[in-house]
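J.: Model the full structure from these sequences, guided by the hints.
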Amino acid sequence: MGKIALILVVSGLVAGLAGCSGNTVPTPTPTPTPTPAFEEQFGTGFSKAYNASPDSVPADVKADDVVPVDPAATPKALPTK
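Mapped onto numbering that gives the first Met the number 0, the consecutive letters of the sequence shown carry residue numbers 0 to 80.
Just so you know, the hints here were simulated from the structure itself, not pulled from any lab data.
We put the beta carbon where it would ideally sit given N, CA and C, even for glycine.
Among the hints, erroneous ones may be present.
[Stated by the list, open to error] Here are the in silico distance ranges between beta carbons for each label pair: (1) D59 / P33: 35 to 41 Å; (2) K75 / T28: 48 to 54 Å; (3) T32 / A72: 42 to 48 Å; (4) K75 / F41: 22 to 28 Å; (5) A72 / F41: 57 to 63 Å; (6) P31 / P70: 39 to 45 Å; (7) V8 / P31: 46 to 52 Å; (8) P33 / P74: 26 to 32 Å; (9) V24 / D64: 55 to 61 Å; (10) T79 / N50: 35 to 41 Å; (11) A58 / P35: 19 to 25 Å.
T.: Encoded structure:
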């Protein structure tokens, strides 16, 4: 009786596995992530400034925020850590 039950279980498993072969499901191709909008590629504050109304109040500029640049000046070495 035990051998017959074992033979039936094994044959059922073999038949089940044989029925599953050949039914492969193709893997879906991943969709590429969308590129961010042009104004979002330059940082957090840029998007806000880019979308600002032309009638809005301009930001207060402090004296330390503006650095004069002399294109004819001799280049200086960058500080190392």
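J.: Confirm or reject each hint.
T.: A quick look at each hint next to the structure:
Here the CB-CB span from D59 to P33 is close to 36 Å, well matched to the stated 35 to 41 Å. One distance hint, 48 to 54 Å for the beta-carbon pair K75 and T28, holds here, with the actual separation near 52 Å. Distance hint check for T32 and A72: the Cβ-Cβ separation is about 43 Å, which falls inside the suggested range of 42 to 48 Å. The hint said 22 to 28 Å for the Cβ distance between K75 and F41, and at roughly 27 Å that hint holds.
Roughly 27 Å separates the CB atoms of A72 and F41, a value that falls outside the hinted 57 to 63 Å. The given range of 39 to 45 Å is respected by P31 and P70, whose C-beta atoms sit roughly 42 Å from each other. The given range of 46 to 52 Å is respected by V8 and P31, whose C-beta atoms sit roughly 47 Å from each other. Distance hint check: the CB atoms of P33 and P74 are about 40 Å apart, inconsistent with the given range 26 to 32 Å.
At about 59 Å, the CB distance of V24 to D64 agrees with the hint of 55 to 61 Å. In this structure the supplied range 35 to 41 Å holds for T79 paired with N50, their Cβ-Cβ distance being about 39 Å. Range check, A58 to P35: about 24 Å between beta-carbon atoms, so the 19 to 25 Å window is met.
Figure legend: structure checked against the earlier numbered hints; hints not met, in rising order: 5 and 8.
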